[in-house]
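Construct the complete structure from the given sequences, taking the supplied hints into account.
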Amino acid sequence: MALPHQHLTPQEVAFICESELITIVPRQRLGSLNLISIDTRPLVPPQRADVPLWLAVFLRKQKRCNVVPPDWLTVDNLERLVKEESDSPAFSKMPWRWMEVAEILLDTCAEDLISPSEIALHIRSLRELRQAKIRASLPGEINSSYINMNNLGLMEVCEVRPWVGKVVDGLRKIEGEAGSAAVRKRRKEGDDDDEDEDMEEDY
Amino acid sequence: MPDAQIKYAHSEGPTFVAYTPDGRYLLTAGLNNLLRKFTHGSSDEPDNIDQTHGSNTGISATNENFYISCEDGIVESYSIRTNEMDKLVTRFSLPARDVAVTPDGHWVAACGDDINVKVVDTHDTSKHMILRHHSKPIKHLTFDPIGSLLTCSSVDGVIYIYSLTTESPDLLHKVVGVISEIDVDSEISTRAVWHPDGRAFVVGQNNMDIAVVSTQDWGIKKVFTGGHSNDISALAWSKNGGFLASGDTKGNVTIWESKNQNPIVKYRFDGAITSISWHPTENTISFGTNQGTVNMQPEAVPADHEKGLKLPLQPAPGFLPAGADFVRIEKRTEAKDNRGKNERRGSVDDILGALDDDEEDDWLEDDDGAGYGEKNKNGKRIAETRSLGMPSLKRHAYGSWEPDIHEPMQPGSTPWRGDRRYLFLSLIGFAWTVDQKTHNTVTVEFYDQEQYRNFHFTDPLLYDKAVLNENGSLFASPPGRGNPALLFYREHETWGVRHDWKTRLPDGEEVVSIALSSSYVVACTANGYVRIYSLYGVPIKVYRQKHTPVVSCTSWRDYVMILGNGPVAANGRTQLTYSIENVRRGEIIQNNDVVALPENASIKNIFFSDDGNPMVYASTGVLLVLQHWRTPGQAQWVPILDTNHLDRRVGGRKEESYWPVAVSQDKFCCIILKGGEKYPYFPRPLLSEFEFRVPVSNPPDEDASKNDTMSKLEESFVRESILVSLTEDLVEHTRDADNERREVARRNISIDKILLQMLALECKEEEKRSKCLEIVGLMRQPRTLDMAMKVAEKYERHQLVQKIEEMRNQMEED
Numbered sequence: 001m002a003l004p005h006q007h008l009t010p011q012e013v014a015f016i017c018e019s020e021l022i023t024i025v026p027r028q029r030l031g032s033l034n035l036i037s038i039d040t041r042p043l044v045p046p047q048r049a050d051v052p053l054w055l056a057v058f059l060r061k062q063k064r065c066n067v068v069p070p071d072w073l074t075v076d077n078l079e080r081l082v083k084e085e086s087d088s089p090a091f092s093k094m095p096w097r098w099m100e101v102a103e104i105l106l107d108t109c110a111e112d113l114i115s116p117s118e119i120a121l122h123i124r125s126l127r128e129l130r131q132a133k134i135r136a137s138l139p140g141e142i143n144s145s146y147i148n149m150n151n152l153g154l155m156e157v158c159e160v161r162p163w164v165g166k167v168v169d170g171l172r173k174i175e176g177e178a179g180s181a182a183v184r185k186r187r188k189e190g191d192d193d194d195e196d197e198d199m200e201e202d203y
Numbered sequence: 001m002p003d004a005q006i007k008y009a010h011s012e013g014p015t016f017v018a019y020t021p022d023g024r025y026l027l028t029a030g031l032n033n034l035l036r037k038f039t040h041g042s043s044d045e046p047d048n049i050d051q052t053h054g055s056n057t058g059i060s061a062t063n064e065n066f067y068i069s070c071e072d073g074i075v076e077s078y079s080i081r082t083n084e085m086d087k088l089v090t091r092f093s094l095p096a097r098d099v100a101v102t103p104d105g106h107w108v109a110a111c112g113d114d115i116n117v118k119v120v121d122t123h124d125t126s127k128h129m130i131l132r133h134h135s136k137p138i139k140h141l142t143f144d145p146i147g148s149l150l151t152c153s154s155v156d157g158v159i160y161i162y163s164l165t166t167e168s169p170d171l172l173h174k175v176v177g178v179i180s181e182i183d184v185d186s187e188i189s190t191r192a193v194w195h196p197d198g199r200a201f202v203v204g205q206n207n208m209d210i211a212v213v214s215t216q217d218w219g220i221k222k223v224f225t226g227g228h229s230n231d232i233s234a235l236a237w238s239k240n241g242g243f244l245a246s247g248d249t250k251g252n253v254t255i256w257e258s259k260n261q262n263p264i265v266k267y268r269f270d271g272a273i274t275s276i277s278w279h280p281t282e283n284t285i286s287f288g289t290n291q292g293t294v295n296m297q298p299e300a301v302p303a304d305h306e307k308g309l310k311l312p313l314q315p316a317p318g319f320l321p322a323g324a325d326f327v328r329i330e331k332r333t334e335a336k337d338n339r340g341k342n343e344r345r346g347s348v349d350d351i352l353g354a355l356d357d358d359e360e361d362d363w364l365e366d367d368d369g370a371g372y373g374e375k376n377k378n379g380k381r382i383a384e385t386r387s388l389g390m391p392s393l394k395r396h397a398y399g400s401w402e403p404d405i406h407e408p409m410q411p412g413s414t415p416w417r418g419d420r421r422y423l424f425l426s427l428i429g430f431a432w433t434v435d436q437k438t439h440n441t442v443t444v445e446f447y448d449q450e451q452y453r454n455f456h457f458t459d460p461l462l463y464d465k466a467v468l469n470e471n472g473s474l475f476a477s478p479p480g481r482g483n484p485a486l487l488f489y490r491e492h493e494t495w496g497v498r499h500d501w502k503t504r505l506p507d508g509e510e511v512v513s514i515a516l517s518s519s520y521v522v523a524c525t526a527n528g529y530v531r532i533y534s535l536y537g538v539p540i541k542v543y544r545q546k547h548t549p550v551v552s553c554t555s556w557r558d559y560v561m562i563l564g565n566g567p568v569a570a571n572g573r574t575q576l577t578y579s580i581e582n583v584r585r586g587e588i589i590q591n592n593d594v595v596a597l598p599e600n601a602s603i604k605n606i607f608f609s610d611d612g613n614p615m616v617y618a619s620t621g622v623l624l625v626l627q628h629w630r631t632p633g634q635a636q637w638v639p640i641l642d643t644n645h646l647d648r649r650v651g652g653r654k655e656e657s658y659w660p661v662a663v664s665q666d667k668f669c670c671i672i673l674k675g676g677e678k679y680p681y682f683p684r685p686l687l688s689e690f691e692f693r694v695p696v697s698n699p700p701d702e703d704a705s706k707n708d709t710m711s712k713l714e715e716s717f718v719r720e721s722i723l724v725s726l727t728e729d730l731v732e733h734t735r736d737a738d739n740e741r742r743e744v745a746r747r748n749i750s751i752d753k754i755l756l757q758m759l760a761l762e763c764k765e766e767e768k769r770s771k772c773l774e775i776v777g778l779m780r781q782p783r784t785l786d787m788a789m790k791v792a793e794k795y796e797r798h799q800l801v802q803k804i805e806e807m808r809n810q811m812e813e814d
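As they're listed, the protein sequences go chains F and E. Residues in the first sequence are numbered from 1 upward in steps of one, following the numbering used here. Residues in the second sequence are numbered from 1 upward in steps of one, following the numbering used here.
Please keep in mind that the hints were generated in silico from the structure rather than gathered at the bench. One or more of the hints may lead you astray.
[Unchecked claim] Sample of chain F residues facing chain E (criterion: CB under 10 Å; computed from the structure):
1) VAL25
2) PRO26
3) ARG27
4) GLN28
5) ARG29
6) ARG41
7) VAL44
8) PRO45
9) PRO46
10) GLN47
11) ARG48
12) ALA49
13) ARG64
[What the hints assert, rightly or not] Capping the alpha-carbon separation at 20 Å, the derived lysine to aspartate or glutamate pairs in DMTMM-like fashion look like this:
14) LYS678(E) to ASP642(E)
15) LYS136(E) to ASP183(E)
16) LYS667(E) to GLU740(E)
17) LYS174(E) to ASP156(E)
18) LYS61(F) to ASP448(E)
19) LYS61(F) to GLU450(E)
20) LYS63(F) to ASP448(E)
21) LYS63(F) to GLU450(E)
22) LYS667(E) to ASP50(F)
23) LYS437(E) to ASP209(E)
24) LYS61(F) to ASP50(F)
25) LYS63(F) to GLU445(E)
26) LYS136(E) to GLU181(E)
27) LYS771(E) to GLU805(E)
28) LYS753(E) to GLU793(E)
29) LYS712(E) to GLU765(E)
30) LYS654(E) to ASP71(F)
31) LYS667(E) to ASP71(F)
32) LYS502(E) to GLU491(E)
33) LYS654(E) to ASP76(F)
[Claimed, not checked] Anything over 12 Å on all C-beta distances counts as not near chain F; from chain E, calculated:
34) LEU31
35) THR166
36) LEU172
37) GLN205
38) ASP217
39) GLY251
40) ASN262
We treat Cβ as the ideally placed atom computed from N, Cα and C, and that holds for glycine.
This is the structure in structure tokens:
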């Protein structure tokens, strides 16, 4: 999207997610496709194949394949995750694009999932739990240099990024030049363990 | 044939007869208070045993004792030796209707108008079990030939099957809708009479037919039809299960041949037949009627069928004699073990007693220990009879030794279960057949619905083998019903004219295994011929397989692979051998080489993978691939996946086995079978795919932290090396193989990548210098050596860098 902002919109995140690979069981033959991102192997039913999500959705809509739901997208696993999420203060480990993938799969190929309504329910409770956690943890975590939230998905990161960025920026201004220098110094010394979710905004 | 001898044994009323398992005596019981004991083969007057009561309703005998039930609710045991009452077994408050004793004489079951069924220990009548899972009185009781199942025919038209193997008896199954509702004192019999092989029992139905009920699914397997025009009142199997005698309420008796369910002879007696008993060894049947008479019919089976009585144990109708029913075999072995623990009765030759009394009891003919009284204590005798009961899979003939052979197998097929079986399962599609009694129906379905069209046909020829591939489907029928064996090839639907053909094999030749490739049709026959046809039915060649009996065959493009039984190995089992031939060039590539199987293992499936490598899946759960099979003498069986090492099996939680289907795109496709199942059944289970994993080390541990990255890399290195050699062989022997060439390059890169990772791990340790150099020596491309130098530099192994450089220069010179 060509709008003048620095952050990804949810639509963009969902779009990027469509290049993720997913396993399908083709229902008819299709030769190899030479796509920009990947050359798919020839599809021969009933052998499983990995294709980009957008292609899987496309074929699924025409009833030319069945999608094999990813391992983590099962009722049992999600139940476990929901429990873990509500028991522990940290974020439970989810795939990087869990929300988008779950959303797209529930939307387009619910019939291929086992009990999609329950899955949808668990995804929703996970999302709410995590949102609540983000909100609860911010007052304690936020400072002028970085906040630490491991295991967030891309969509979640993009949700908090715009305003967390502004808040951190504001804090930095308040702390002034001296504070900023101290921050820089600290950064140099500190290790850089938290790569993905390191929300530092230093512009 | 001689007329029946009529004995007026009892006063007018239902009469029950039973031979002792050793065949010495015929015991009869009837309405009057006298039991009679006829000595077989003697014209003397029978011995009489006095009773205090009459109105007997059932009789059941072992070699020492016999048991009587009667209408005043008493169940008594009598000694055959002394002709005297032995003990009171149990007592009901209402009339007792039937009594049955286990073949080992340890337990007696009795039933009556009182709803409960009692199972009483014959040694200690205070020990008993009560079966209460039924809601209506039980009219008939029978034990299966092992004595572990009790079938109770209830008056409400349900057969209850109890398992007595557990401490408290379990209701195993209810068979509903096979028998009709009857009165407790009706002359009609709904007795379940076990076939001696224990895989099925027969019952009379209300349409005057006799149904064979299978223990596999408790469904009707076959029907003996058209023999009676009145209700069935008695049934009995001959000792070996080859013949069935049935009697009806108007005195008609029909003897049936069990293998084809045809009536072979009929008799007529006065009065309703109330009980039938076959003499265990001679061709004599005794019938009890409701007139109080006992009719002994000598030469009951006509002379032209008489030799059928001398055969070993015959399979139950609708069952295969050999290897088909593993479940049952296991059960028998189990039962055998259990039985060993049971106390065996002592001497059996009680030589006394004149008994009369009644009611043949079917387990009699079924009795394991039957027939030879003197030897009953003899362990060998028992073992022999039992081995007869087992389909020939493990048969070692008594006295003469025969090697254990690999049974013939059609790849991708399953045995009958209920009325259906898979003829073929593969990645193309699947074919199955349904037994419709007079004919079969064959259905073929494909995975790729777009490319092929499913089809379905009625099959009067009873096709029992099938193969599908991309071009067409091939079926083979067994000889029979006056037809020779037939091969039927049918091209899949195309836009042009669909082509199909049938070809007859010479008379009497039976097909053992068939194979279909994109250019040939192969049929291996029971007399050792290998017949090869073109796809349009032109016979190309016929030759005799060197190692027979043939086990199986499979083919891919021009190559045909045939498995046979080779020389006998040290463990008394034949070696499984294979030959691979290129039919077009007429070259034998591998000649009677051995299929490397561990001791006692057999093959579950054999097939060519999609890129044309012969694969064997062994019963131990290991998938083997034949490496370098295109070079004579160089072929080697390489394990490429051990299903016992699969990730999902880690921790030993899952009890499952894998039914091999195919190998495609370097993945093993199989059907996961849970809970001790041996074969896939309906509905068609889903296919699962597993990546190859060469058993280089133990499977990865459940606890990820304990896993050694090195062993994972080593496994990948070995696996990739095998796969690259398979692809290289393919490239070398096929003309147009651009894709495969790319594949080889890709795999070589991935091998080098794995080696680099291994090098990086080893470089961390100072003392492993020579191992590092060795790993570098395995690398295939100069470019990788450059990278290896960088790795070594990073870990400051300067000497190593120097040596790698030398190696690289050497490689570039070459």
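Hints versus structure:
1. Restraint check, VAL25(F) versus chain E: the minimum CB separation of about 9 Å is within 10 Å; hint holds.
2. Annotation: PRO26(F) was flagged as interfacial toward chain E, and the flag holds, the nearest CB pair being 8 Å apart, inside 10 Å.
3. With a cut of 10 Å, the hint placing ARG27(F) at the interface with chain E holds, because the nearest CB-to-CB distance is about 7 Å.
4. Hint status for GLN28(F): holds, given a least beta-carbon distance of 4 Å to chain E, under 10 Å.
5. Because the smallest distance between the Cβ of ARG29(F) and any Cβ of chain E comes to about 6 Å, under 10 Å, the interface hint for this residue holds.
6. Restraint check, ARG41(F) versus chain E: the minimum CB separation of about 7 Å is within 10 Å; hint holds.
7. Here the hint on VAL44(F) is kept, as its CB sits about 7 Å from the closest CB of chain E, short of 10 Å.
8. Using the Cβ-Cβ criterion of 10 Å, the hint placing PRO45(F) at the interface with chain E is satisfied: the shortest such distance is roughly 4 Å.
9. Among the interface hints, the one on PRO46(F) holds; its C-beta lies about 4 Å from the nearest C-beta in chain E, closer than the 10 Å criterion.
10. Because the closest C-beta pair between GLN47(F) and chain E is about 5 Å apart, less than 10 Å, the hint holds.
11. Interface restraint check for ARG48(F): the shortest CB-CB distance to chain E comes to about 6 Å, inside 10 Å, so the restraint holds.
12. Interface restraint check: ALA49(F) against chain E, minimum CB-CB distance 8 Å, threshold 10 Å, status holds.
13. Evaluation of the ARG64(F) hint against chain E yields a held restraint, the C-beta minimum of about 8 Å falling below 10 Å.
14. Proposed proximity of LYS678(E) and ASP642(E) is supported: the alpha carbons are some 18 Å apart, at most 20 Å.
15. Between the alpha carbons of LYS136(E) and ASP183(E) the distance comes to roughly 11 Å, so the proposed pair stays at or under 20 Å and holds.
16. For the given pair, LYS667(E) sits about 17 Å from GLU740(E) by alpha-carbon distance, which is consistent with the 20 Å threshold.
17. Distance hint between LYS174(E) and ASP156(E) is fulfilled; the C-alpha atoms sit about 12 Å from each other, no more than 20 Å.
18. Between LYS61(F) and ASP448(E) the CA atoms are separated by roughly 17 Å; this keeps the pair inside 20 Å, and the hint holds.
19. For the hint pairing LYS61(F) with GLU450(E), the CA-to-CA distance comes to about 16 Å; that is within 20 Å, so the pair holds.
20. Between LYS63(F) and ASP448(E), the direct Cα distance comes to roughly 12 Å. Compliance with the 20 Å bound is thereby established for this hinted pair.
21. A C-alpha spacing of about 11 Å is found between LYS63(F) and GLU450(E), which places the hinted pair at or below 20 Å, so the restraint holds.
22. Our distance criterion of 20 Å between C-alpha atoms is met by LYS667(E) and ASP50(F), whose separation comes to about 13 Å.
23. As the CA atoms of LYS437(E) and ASP209(E) are separated by approximately 14 Å, the hinted pair is consistent with the 20 Å bound.
24. Only pairs whose Cα atoms come within 20 Å are accepted, and LYS61(F) paired with ASP50(F) is accepted, the gap being roughly 17 Å.
25. About 18 Å separates the Cα atoms of LYS63(F) and GLU445(E), which keeps this hinted pair within 20 Å; it holds.
26. Simply put, LYS136(E) and GLU181(E) have alpha-carbon atoms about 11 Å apart, close enough for the 20 Å limit, and the pair holds.
27. Only pairs whose Cα atoms come within 20 Å are accepted, and LYS771(E) paired with GLU805(E) is accepted, the gap being roughly 17 Å.
28. Between LYS753(E) and GLU793(E), the direct Cα distance comes to roughly 17 Å. Compliance with the 20 Å bound is thereby established for this hinted pair.
29. Using a Cα cut-off of 20 Å, the hinted pair LYS712(E) and GLU765(E) holds, with the two alpha carbons roughly 18 Å apart.
30. Under the criterion of a C-alpha separation no larger than 20 Å, the hint pairing LYS654(E) with ASP71(F) is consistent with the structure, at around 18 Å.
31. This hinted pair checks out: LYS667(E) and ASP71(F) have alpha carbons roughly 18 Å apart, not beyond 20 Å.
32. Taking the CA atoms of LYS502(E) and GLU491(E), the gap is about 12 Å. The hint holds against a cut of 20 Å.
33. For the given pair, LYS654(E) sits about 17 Å from ASP76(F) by alpha-carbon distance, which is consistent with the 20 Å threshold.
34. Remark: the non-interface label on LEU31(E) is consistent with the geometry, its nearest Cβ contact in chain F lying 66 Å away (cut-off 12 Å).
35. Its beta-carbon lying about 33 Å from the closest one in chain F, THR166(E) satisfies the requirement of being farther than 12 Å from that chain.
36. Against chain F, the non-interface label of LEU172(E) holds: every CB pair exceeds 12 Å, the least being about 32 Å.
37. Here GLN205(E) stays apart from chain F, with its beta-carbon at least about 43 Å from theirs, past the 12 Å limit.
38. Every Cβ of chain F is farther than 12 Å from the Cβ of ASP217(E); the closest lies at roughly 27 Å, confirming the non-interface assignment.
39. No beta-carbon of chain F is positioned within 12 Å of the beta-carbon of GLY251(E); the least distance is around 61 Å.
40. Its beta-carbon lying about 44 Å from the closest one in chain F, ASN262(E) satisfies the requirement of being farther than 12 Å from that chain.
Consistency note: the structure conflicts with none of the earlier hints.
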